[in-house]
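Number of protein chains: 2
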Amino acid sequence: MKPTLSIVKIGGNVIENKQELSEFLTLFSDLKGFKILVHGGGKLATEISRKMGIGSKMVGGRRITDEKGLEVIIMVYAGLTNKNIVAELQSKSCNAIGMSGADGNAIQAHKRPVKDIDYGFAGDVDGVDEGLLPHLLTLGLTPVFCAVTHNGKGQLLNTNADTIASELAIGLCKLYETTLYYCFEKNGVLKDVSDEHSVIKYIDTGTYKDLLEKGIIANGMLPKMTNCFHALSNGVSKVCIGNRSMLAKNEKLYTTISL
Amino acid sequence: MKPTLSIVKIGGNVIENKQELSEFLTLFSDLKGFKILVHGGGKLATEISRKMGIGSKMVGGRRITDEKGLEVIIMVYAGLTNKNIVAELQSKSCNAIGMSGADGNAIQAHKRPVKDIDYGFAGDVDGVDEGLLPHLLTLGLTPVFCAVTHNGKGQLLNTNADTIASELAIGLCKLYETTLYYCFEKNGVLKDVSDEHSVIKYIDTGTYKDLLEKGIIANGMLPKMTNCFHALSNGVSKVCIGNRSMLAKNEKLYTTISL
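So the protein lines, in turn, are chains R and L.
Going letter by letter, the first sequence gives residues 66 to 324 in the working numbering.
Going letter by letter, the second sequence gives residues 66 to 324 in the working numbering.
Derived by calculation from the structure, the hints in this document are not laboratory data.
On a predicted model such as this, the values are computed, not experimentally measured, just so you know.
Be a bit skeptical, because a hint or two may be false.
Computed, partial: chain R to chain L, Cβ under 7 Å [claimed, not checked]:
(1) Asp131
(2) Asn170
(3) Leu206
Keeping only pairs whose Cα atoms sit at most 27 Å apart, straight-line, the calculated BS3-like set for lysine-lysine is [claimed, not checked]:
(4) Lys133/L <-> Lys180/L
(5) Lys83/R <-> Lys289/R
(6) Lys180/L <-> Lys116/R
(7) Lys274/L <-> Lys218/R
(8) Lys239/L <-> Lys256/L
(9) Lys116/R <-> Lys108/L
(10) Lys108/L <-> Lys133/R
Idealized CB from N, CA, C, for every residue including glycine.
Using the sequences plus the hints, can you model the full thing?
Structure representation (structure tokens):
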């Protein structure tokens, strides 16, 4: 039987509230088995850009990562956010090690090719080093990934944290019984976005098609669900979506997705 | 016979010039045997503090690390500088892994006690985890340390990079034949600070006493030399001081210090 691995991704809203982050990190520390944390950056990068007088470039609602913007992302994601999470996990007896995709060449990526839009220093993941992470996990370490990768030629790249989490899960699921957790501010995938109690507890390929047709899954939830099914169809055992309490034992209110 | 380990510390002046840094990193990548890089932060933290409207507090010529200042240090040292160095080393086929003292609990420290002056979030090193680093080195990884440690209770601390380098050397010299390199902008310890050719090639306990009495070693060189002799008297084989070319084969113009 393969050992279990939990890959947990936390979004910006969890990170921004110090108290919520701390409660999340306590639950994460208490998780049994091997585990990896992936974090986004949240609004702090925008706030620090503003303080430094760097404007955000947006095209079609999507952020363009120019050189100055990339510098702020590296400072905030790989620096401030990552190291504060690592230090707090250490205080909770979780032997965390903060990483970007460049560290140990863990996640290789390439600059997104320019088609209609040049997204700048945005990285699309090529693959995960499947050798390194099992060694680190066996040493008792808990990798904590920020949403930064590299192209192997010296260029760091801003990469979607949801994608990093699913690619790590796909890369490691041959060796581990892997569960991927997308942890955000909502209770799960909701039937009615205005009703936090309307959590859809189980989604599979069939019900997903139905939810898509009815327009229940739309907008921001769409790329997240695409990541989920991409992971599942590549060997990941289970994907869960919900707020931090889904990591607690006996918590039942969250969405479980399977094929 | 113990395997060899080179611990190389680079100062701010090497980091700030992109071309110089790149040349240094090529020489570092080519070093044989196990190796660890330690880097300071340089003036970038001051520049970014200024852009963010954060003032630097100085008392008696020494910087006081307040909360906002610590945030900038973590962003710049552990984020921007560390990850750019790691990405560039990766491009030179050196499998670097960026670390602060919090990562893997590698370097534990405590907040400097307040006597006459409260230095704020300045950390004095308690010790190095002697178990973790040999594992990472054996995996073929090259740790790259920034000058940030932690107290094990969730607090990150700004720590002198020279001290981090010497403490790492002391912590690892039981297992490795360890040479500590302090790499800065000068050719070595100079007899005459205005003459780059006046490098003192060898210093030992006897000649050091002499150089101190004659006032040849003074000011900024004093704490560096104290670190050197502290390392040597705790089992480190050799300490070298000079510019980046001392890492090149056949280079003879630098200072070697021994007991």
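For each hint, the structure was consulted:
Because the closest C-beta pair between Asp131/R and chain L is about 15 Å apart, greater than 7 Å, the hint is violated. Of the supplied interface hints, the one on Asn170/R holds, with its beta-carbon coming within about 6 Å of a beta-carbon of chain L, less than 7 Å. Look at Leu206/R: its Cβ gets to within about 6 Å of chain L, closer than 7 Å, so that hint holds up. At roughly 22 Å between alpha-carbon atoms, Lys133/L and Lys180/L fall within 27 Å of each other, so this suggested pair holds.
With a C-alpha separation of about 25 Å, the suggested pair Lys83/R and Lys289/R falls inside the 27 Å cut-off, and the hint holds. For a cut-off of 27 Å, the pair hint linking Lys180/L to Lys116/R is broken: about 35 Å separates their Cα positions. The hinted pair formed by Lys274/L and Lys218/R fails the criterion: a straight-line CA distance of about 48 Å is larger than 27 Å. A C-alpha spacing of about 33 Å is found between Lys239/L and Lys256/L, which places the hinted pair above 27 Å, so the restraint is violated.
Pair hint Lys116/R plus Lys108/L holds up; C-alpha atoms about 19 Å apart against a cutoff of 27 Å. In summary, the hint linking Lys108/L to Lys133/R is supported, as the alpha carbons are separated by about 18 Å, within the 27 Å threshold.
Checked against the numbered hints given earlier, this structure breaks hints 1, 6, 7, 8; the rest are met.
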